[in-house]
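Given only the sequences and the hints, what does the whole structure look like? Please build it.
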Amino acid sequence: MRLRYALRSVAQTLSLCSLAILIPATSQSLAAARQPDIPAWLGAYVGTGEGQIALPVLQRARALYMRKVSEGKVRNPCYFAMDATRPNTPNDGKSAGRFYIVCEATQTFRVVSSGHGSGRDLKGVVDFGNGRMCAKNFGNAMDSNLTMGGSYVTEETKTSFKGYYRLPQSKDTAYLRTFLQFDGEGETANARQRAIGGHAAAKVAGICMKKDPHSPYANRDGYVPLGKLVEYAGGRSDGCTSWAASDANQIISMVKDNPTSLYIYPESSDIKAVAKAVAAGQSPAQSGLYWNESCLKEIGAPKFWPKETLEPVIVQYKKDHPAPPAKPIPICD
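Counting along the sequence shown from 1, when you hit position 176 you're at 175 in numbering that gives the first Met the number 0, and nothing is skipped either side.
Wrong hints could be hidden among the right ones.
[As the list claims (entries may be wrong)] With a straight-line Cα cutoff of 27 Å, these simulated BS3-like cross-link-like pairs (lysine-lysine) come out: (1) 317 to 122; (2) 275 to 157; (3) 306 to 318; (4) 122 to 255; (5) 275 to 135; (6) 227 to 209; (7) 271 to 302; (8) 317 to 302; (9) 306 to 317; (10) 170 to 209; (11) 255 to 72; (12) 271 to 306; (13) 317 to 202; (14) 302 to 275; (15) 306 to 135; (16) 210 to 170; (17) 161 to 209; (18) 210 to 227; (19) 122 to 302; (20) 170 to 202; (21) 161 to 202; (22) 318 to 67; (23) 227 to 326; (24) 161 to 326; (25) 157 to 72; (26) 255 to 275; (27) 157 to 202; (28) 271 to 296; (29) 135 to 227; (30) 67 to 161.
Think of the hints as simulated: they come from the structure by calculation, not from any bench.
Okay, here's the thing in structure tokens:
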């Protein structure tokens, strides 16, 4: 009762939490609602369909949030979860929702799109790259660009200038992107070292250097980068959690100076167990496990790459394949 009271005491309405998605209850969601730990209103969102959250993902996300609240590390009334086994881009070409914003105090639930880590293909050595739709490879090695499932807490933000971009019938606009740092524990403990966090899925590409000595972002020669703003909400990241720009602004504003928990599924134990079941010719469900069915059909079987074995390979590859000298950025016409 003390923990439940603590959760209620920190809960006040936030603007983002008023954005709820109404989804009809299914037999699976009704079964989840009967579980004592999950409120009935939240149980209505449990399932494997679009706009729903799988039961093990929600259970672990809630447990992490409650633990962080009891430890005094989180007072935010909302918490986050991500299901990285779900597809990033469904057949209709629109970005699928797999990042969850849960605000139990206001009984609201929201789903937004989120990219997964691209991984890498070290030509001639090892390929742990991921496709655009589904993630097959996961891990926590430095410079692997892989998503690592597990427990995180949001921390500080840092906003940096990424370049200017041009809008029709408008002057050049500076693009400033905010990065939300994550801190982890256990297998995610090196999140800060890996620069793992959340940010908008947008960048300035096709850059040339424009003379603008009066810009606060000009280099010592008076030039600024100018390019095209590219959004890749349905794409991949370098291991971070990336959101559509509008969603990123709302999410980051929720946790600025008010951290909360983030649980990302799957963990290494889940990946290994599912891979073992697939190798034995069983479906994850038959073995009491969870993995999104459509993505499992695409990837065949998932694989976890521990940093202890993958990092030395990446380090050696860098030594054997040094990066070529950077080419000078062209001057804008």
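Okay, the hints, checked on the actual structure:
| no. | hint | verdict |
| --- | --- | --- |
| 1 | 317 to 122 | holds (12 Å) |
| 2 | 275 to 157 | violated (41 Å) |
| 3 | 306 to 318 | holds (18 Å) |
| 4 | 122 to 255 | violated (40 Å) |
| 5 | 275 to 135 | holds (14 Å) |
| 6 | 227 to 209 | holds (13 Å) |
| 7 | 271 to 302 | holds (7 Å) |
| 8 | 317 to 302 | holds (23 Å) |
| 9 | 306 to 317 | holds (16 Å) |
| 10 | 170 to 209 | holds (13 Å) |
| 11 | 255 to 72 | holds (14 Å) |
| 12 | 271 to 306 | holds (15 Å) |
| 13 | 317 to 202 | holds (25 Å) |
| 14 | 302 to 275 | holds (10 Å) |
| 15 | 306 to 135 | holds (16 Å) |
| 16 | 210 to 170 | holds (14 Å) |
| 17 | 161 to 209 | holds (14 Å) |
| 18 | 210 to 227 | holds (17 Å) |
| 19 | 122 to 302 | holds (19 Å) |
| 20 | 170 to 202 | holds (18 Å) |
| 21 | 161 to 202 | holds (7 Å) |
| 22 | 318 to 67 | violated (41 Å) |
| 23 | 227 to 326 | holds (19 Å) |
| 24 | 161 to 326 | holds (18 Å) |
| 25 | 157 to 72 | holds (20 Å) |
| 26 | 255 to 275 | violated (41 Å) |
| 27 | 157 to 202 | holds (16 Å) |
| 28 | 271 to 296 | holds (17 Å) |
| 29 | 135 to 227 | violated (31 Å) |
| 30 | 67 to 161 | violated (34 Å) |
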